[in-house]
Amino acid sequence: MLKIIVLAKQVPDTHNVGPEAMTPEGTVNRAALPTVFNPEDLNALEQALRLKEQVPGSTITMLTMGLPKAAEVLREGVYRGADEGILLTDRALGGADTLATSYSLAQAIRKVGDYDIILCGRQAIDGDTAQVGPQVAEKLGLPQITYTEEILSCENGKIVARRHIDGGVETVEGPLPIVVTVNGSAAPCRVRNVKRVMANKHKEFTTWGAADIDADPMQIGKAGSPTNVKTVKSIVFKAKETKQLTASDEDINNLMKELIESNTIG
Amino acid sequence: MNNVFVYIEIGEQNKVADVSLELLTKGRKLATQLGVELECICIGSKLDGIETQVMPYGVDKVHVFDDARLFPYTSLPHTAAVVNLFKEENPQICLMGATVIGRDLGPRVSSALHSGLTADCTQLEIDGFDMKVKEGDTFVEKHYDNQLMQIRPAFGGSIIATIVNPEHRPQMATVRDGVMKKEILDVNYKGQVIKHNPADYIDDAAYVVKVLERHVEEAKHNLKGANIVVAGGYGVGSKEGFEQLFQLAHELHAEVGASRAAVDAGWVDHDRQIGQTGVTVRPKVYIACGISGAIQHIAGMKESGIIISINNDPNAPINQIADYNIQGNIEEVVPKLIKYYKANSK
Chain A
0 MLKIIVLAKQ VPDTHNVGPE AMTPEGTVNR AALPTVFNPE DLNALEQALR
50 LKEQVPGSTI TMLTMGLPKA AEVLREGVYR GADEGILLTD RALGGADTLA
100 TSYSLAQAIR KVGDYDIILC GRQAIDGDTA QVGPQVAEKL GLPQITYTEE
150 ILSCENGKIV ARRHIDGGVE TVEGPLPIVV TVNGSAAPCR VRNVKRVMAN
200 KHKEFTTWGA ADIDADPMQI GKAGSPTNVK TVKSIVFKAK ETKQLTASDE
250 DINNLMKELI ESNTIG
Chain B
0 MNNVFVYIEI GEQNKVADVS LELLTKGRKL ATQLGVELEC ICIGSKLDGI
50 ETQVMPYGVD KVHVFDDARL FPYTSLPHTA AVVNLFKEEN PQICLMGATV
100 IGRDLGPRVS SALHSGLTAD CTQLEIDGFD MKVKEGDTFV EKHYDNQLMQ
150 IRPAFGGSII ATIVNPEHRP QMATVRDGVM KKEILDVNYK GQVIKHNPAD
200 YIDDAAYVVK VLERHVEEAK HNLKGANIVV AGGYGVGSKE GFEQLFQLAH
250 ELHAEVGASR AAVDAGWVDH DRQIGQTGVT VRPKVYIACG ISGAIQHIAG
300 MKESGIIISI NNDPNAPINQ IADYNIQGNI EEVVPKLIKY YKANSK
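Those protein sequences? They're chains A and B, same order as listed. Taken in order, the first sequence gives residues 0 to 265; the numbers are from numbering that gives the first Met the number 0. Taken in order, the second sequence gives residues 0 to 345; the numbers are from numbering that gives the first Met the number 0.
In short, the hints are calculated from the structure, not lab data. Be aware that a few hints might be false.
[As the list claims (entries may be wrong)] To spell it out: a stretch of chain B is covered by chain A in this simulated footprint if at least three of its residues, at any positions, have a beta carbon under 8 Å from a beta carbon of chain A; those stretches are: (1) 73-85; (2) 110-120; (3) 162-175; (4) 324-336.
[Claimed, not checked] Derived contacts from chain B toward chain A, CB cut-off under 8 Å, selection only: (5) 130; (6) 158; (7) 184; (8) 186; (9) 210; (10) 211; (11) 283; (12) 284; (13) 318; (14) 339.
Note that the Cβ used here is the ideal one computed from N, Cα and C, for glycine as well.
If we strip away everything but chain B, and leave its shape as in the complex, we get:
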């Protein structure tokens, strides 16, 4: 009872999504700090052995719901399994990926249980605080211990808000892929596997939405995990301009990212967008080419080690957080970087 739960997202060939493993890593830390257990929920089809993917992250209990109709994901059956399990288990915290699935499922669960849900958290911490609460007609100062601090950017990244929901359980939060770190706790960690009968939790009537056709591609790049990112913005000027960035990235064994403006202009694929509504990256080196640095973009890359900005606008906001600011045109500077690197790399 009152444990920390993580909803596990299960993809093609029953591979657990990275974001779920990242959340287990965070969930383990929160559970340890609270002195409770870490549990997770696996819902899908042919899940025998699924626990081997999650246990090493320190999971004490793995709840399994296995039915051919539970993959691919549809909203109502997964909602019913989670909601009805939570009614029995009363978790104090529930974490989900801020993915298409997590953002489809989380709000339904919170709506059914009347619990608070904070989307797209960038930090999660345990802390105590005082808050004025209404009791009858008067306000009284109340102290709360061991609460989940749900920290997220808001208003297009211009503010950081700390959200709490002290009077409702579970405290629910979603976190984007790549925001938390994934770390195996112990390869031999032994937890318990609990196989539930899906029919006890999910009414047949819940299977009303049918997936007629599905097309999923393996990610074409590893932007999230790249050590070096070459990112382009509106200042790159064209699709051809991006070809140069791809060349530089190829030489440096880097990945190419982009700002929303460059994606909207159609110069580069949507899945390469970096920022609050795209991918969060924290590479060792971030080379920003022709990116002005809207706050939404900076929110997704400010943790980068070394930031190099190439821009002909000396007043571009990104220059303020850059370690190096090369004032110049992309088409002039990028070939020079390539040329020097080709001649001098070890």
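Extracted from the complex, chain A is given alone in its bound form:
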């Protein structure tokens, strides 16, 4: 029996910035973006669900930190097959960078106490940092397997996984307990189970604040964050002088002639 914790994050959907989220000045209005279940956390959940199928009696607990609304990802996880959910929410935890976030998550995991595998997405699409998984592992003193594409087996206290590396793949073996971060190229997550949706529409989730996880005030929120955002500049798409051409032979031949004569190509 495996005790699995899946870390999930509710994020603004930065992968699908539509025209409705663009301001007249050509910048992105982040508040106008809908929130989604961080895509790679869904890949992680799928790996957890597969382990649960392979090892009967295993349990999956979802853990998220965020605003009370973030409980939506817990519910979505339970609809797809997770057993329980824990929401970590507290104003004192807000304004956290990746390090303060991972400390808070690590404290919550310590409070859960009994775990074999901590699974999470490689990175979240709102920051693309890929830091929280390894930072949690370091805080808990656990080994890690990052960029995982598939968990191949989990038996006798050892996990074997295939992971992406630059220019290839490798298969690694590590001891439990362990932190595993899952790549977007891993199997997509199964859809909601109708029966689970019916049964869990009003499921209550455990909610913890900073005091519940015995957090050191100097390691959470803004105070616990070594990094500070000094300035933020919105990107503005500045229109260049663009030469408009048609697909006619004349326009194309003239362009190519110009590029060849100026030694730009050729």
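Keeping the supplied structure of chain A fixed, place chain B upon it in accordance with the hints.
The following block gives chain B in isolation, referenced to the frame of chain A:
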């Protein structure tokens, strides 16, 4: 003490990764500006002579950890070597590649040392600034000199943030392959090689994760270094459509790149993706075929010299940053480019 450190990524046959040499080039400039030394850390197996690959970039000290178990890379032993060395050396800046290894190692090191880490920086500069900090119950304005400005796109490339971590050391940053320029400072640059005993830094218990099997291929293309890039997006329409782009690229001695949409559609390999979560390119000529120009894509190609957009959508965002916008269908325009070039190239 308080020097600039670069973690050196060592690949097959002990070849130092380009991204590490790019970071040494940047690190040398930062160290010179700060009036400190540039040091680097080489962790691997059979590393005799490794210094010859890095010294020409202006490295003053090369720290070497040599043990058969240190290659291929695994998280815990490399973390232990870096963390314990940093406890002795107190660097003020540490740079790593935003590669699979750097993104596995960097967060662990920062977590162990409680130092700030900024991922995927596109610019690094030294500057001073004022910031309000909490002292007791009040906020006071404090001035900081000689800080590392860590500049990175955020929110899918829609904003550029400058990150600082004035109260914690080292200031850590990762940078993607190809974002910084690699430049030899002096082929005869003489630094010092310091060979450490790995056992003094790494507990045997750290070697818990075993690499059972490993398969690495040499890169099939040189997209990053190409002078001309022919890139295709969703508007290319099919795998066959990409064949045309490969033909054009072949004629122009160019490389083929793609947008995320085309990669997700399965028309072209993932390693050809250009953009914030793919490769950053800055070719002389960028030919964008059927690419609408999502901000994530533009983040990875906007430094290109001449941008030619071929698109039948006059409102595609990429047209705004293009020097030439050919309004038309890919399957009509691309063969015409090939035909003219074949007939008229020098």
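Broken hints, numbered, in rising order?
-> 7 and 8
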